[in-house]
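In order, the protein sequences belong to chains A and B.
Numbering-wise, our numbering puts 12 at position 12 of the first sequence, and it's gapless, one number per residue.
Numbering-wise, our numbering puts 50 at position 50 of the second sequence, and it's gapless, one number per residue.
Incorrect hints may have been included.
Selected chain A positions facing chain B (Cβ under 7 Å, derived; list incomplete) [stated by the list, open to error]:
1. I56
2. L69
3. L76
4. I79
5. L86
6. A104
7. A107
8. G116
9. A118
10. A121
11. A124
If you are wondering where the hints come from, they were derived from the structure by calculation, not from laboratory data.
Since this is a predicted model, take the numbers as computed values, not measurements.
Glycine included, C-beta positions come from ideal geometry on N, C-alpha and C.
What follows is the residue order along each chain.
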Amino acid sequence: MSRGAGGISDGGQAPAQGAHEADPKDHGTNPAPSPATLAALTAEPVGRLGRMERRILGPGREPDPRYSLANERTFLAYIRTALTLLGGGVAVEAFAGDAIALVARRALALGLVCLGMAISAAAAYRWVTLERSMRLGRPLPLNPIGFVLAIGVTLAAIALAVSIVLAPS
Amino acid sequence: MSRAAASPWDGDSGLARERSDLSWGRTMLAVLTVTGLFLRWIPAHGLATVVPMGLGVVAAFGLQVLRRRRRLEVLDGHGSAAEEVLGLAALVCLVGLAALILIALGI
Numbered sequence: 001m002s003r004g005a006g007g008i009s010d011g012g013q014a015p016a017q018g019a020h021e022a023d024p025k026d027h028g029t030n031p032a033p034s035p036a037t038l039a040a041l042t043a044e045p046v047g048r049l050g051r052m053e054r055r056i057l058g059p060g061r062e063p064d065p066r067y068s069l070a071n072e073r074t075f076l077a078y079i080r081t082a083l084t085l086l087g088g089g090v091a092v093e094a095f096a097g098d099a100i101a102l103v104a105r106r107a108l109a110l111g112l113v114c115l116g117m118a119i120s121a122a123a124a125y126r127w128v129t130l131e132r133s134m135r136l137g138r139p140l141p142l143n144p145i146g147f148v149l150a151i152g153v154t155l156a157a158i159a160l161a162v163s164i165v166l167a168p169s
Numbered sequence: 001m002s003r004a005a006a007s008p009w010d011g012d013s014g015l016a017r018e019r020s021d022l023s024w025g026r027t028m029l030a031v032l033t034v035t036g037l038f039l040r041w042i043p044a045h046g047l048a049t050v051v052p053m054g055l056g057v058v059a060a061f062g063l064q065v066l067r068r069r070r071r072l073e074v075l076d077g078h079g080s081a082a083e084e085v086l087g088l089a090a091l092v093c094l095v096g097l098a099a100l101i102l103i104a105l106g107i
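Please model the entire structure based on the sequences and the hints provided.
So this is what it looks like as structure tokens:
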């Protein structure tokens, strides 16, 4: 199945995804796909995808390439966030010096690096789940990474503030 | 077959391909920045710092390879980013693991 199946329309409008493309009478009022559409959606993907890609992405039709690229950019943004957390951990360990206690410094650095690694792995998982949902024409799942990230960064900031206040002068 | 029918990207006024390619480039710069931070560990950890730094450089090079592969795929209008996504996540986790080990060794 080539990307051309869900290609870019001349007017710059994204074509409807998956099932809705096949039925010109469907204007979005009837969300239930027909049996033929269901069969097409659950069919094994064919075309130039490799075996590993087919295994990762599962069944379904290739989504509009712009949606795939948007998903890819979101993944890359998460990766940059993960790298920032890694860099933050390294920087706390390398540059904090005597500003905070040694134990707090090491714990904070370990926590930030662990959080960065977790965000990196979760971003890859998130990309796969989004891609699978798009291929099956399903609603996109909720994003738990944001909550984890917010809680992690908040805890790290609180720990850093407390460490600075309690640091031996 | 007309040219318009040949490419799925004709008429794309959102510059999605360029934005995605630039996003890969920014990510590579972020990897190199984190790798540069490891330099500060040389006085404390000595030669052991070479491990995360080397991994960082390898990750940046690998990211550039993945970026080039992905760029060709997108230009051609087929393929998915599955291998690139998993490869990049693994590279970042590897660099993080090296940093983690060095921090843990210092305890």
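Cross-check of the supplied hints:
1. I56: Cβ of I56 of chain A sits 5 Å from chain B, so the hint holds.
2. L69: It holds, given that the least Cβ distance between L69 of chain A and chain B is near 5 Å, below 7 Å.
3. L76: holds, 5 Å
4. I79: holds, 6 Å
5. L86: Hint holds; L86 of chain A Cβ to chain B Cβ min 5 Å, cut 7 Å.
6. A104: Where the cut-off is 7 Å and the nearest Cβ of chain B is about 12 Å from A104 of chain A, the hint is violated.
7. A107: The hint is violated - A107 of chain A has no Cβ within 7 Å of chain B, the shortest such distance being about 9 Å.
8. G116: Constraint on G116 of chain A satisfied, holds at 6 Å.
9. A118: Given a least distance of 9 Å, the restraint on A118 of chain A is violated.
10. A121: Since the shortest Cβ distance to chain B is 6 Å, the answer is holds.
11. A124: It holds, given that the least Cβ distance between A124 of chain A and chain B is near 4 Å, below 7 Å.
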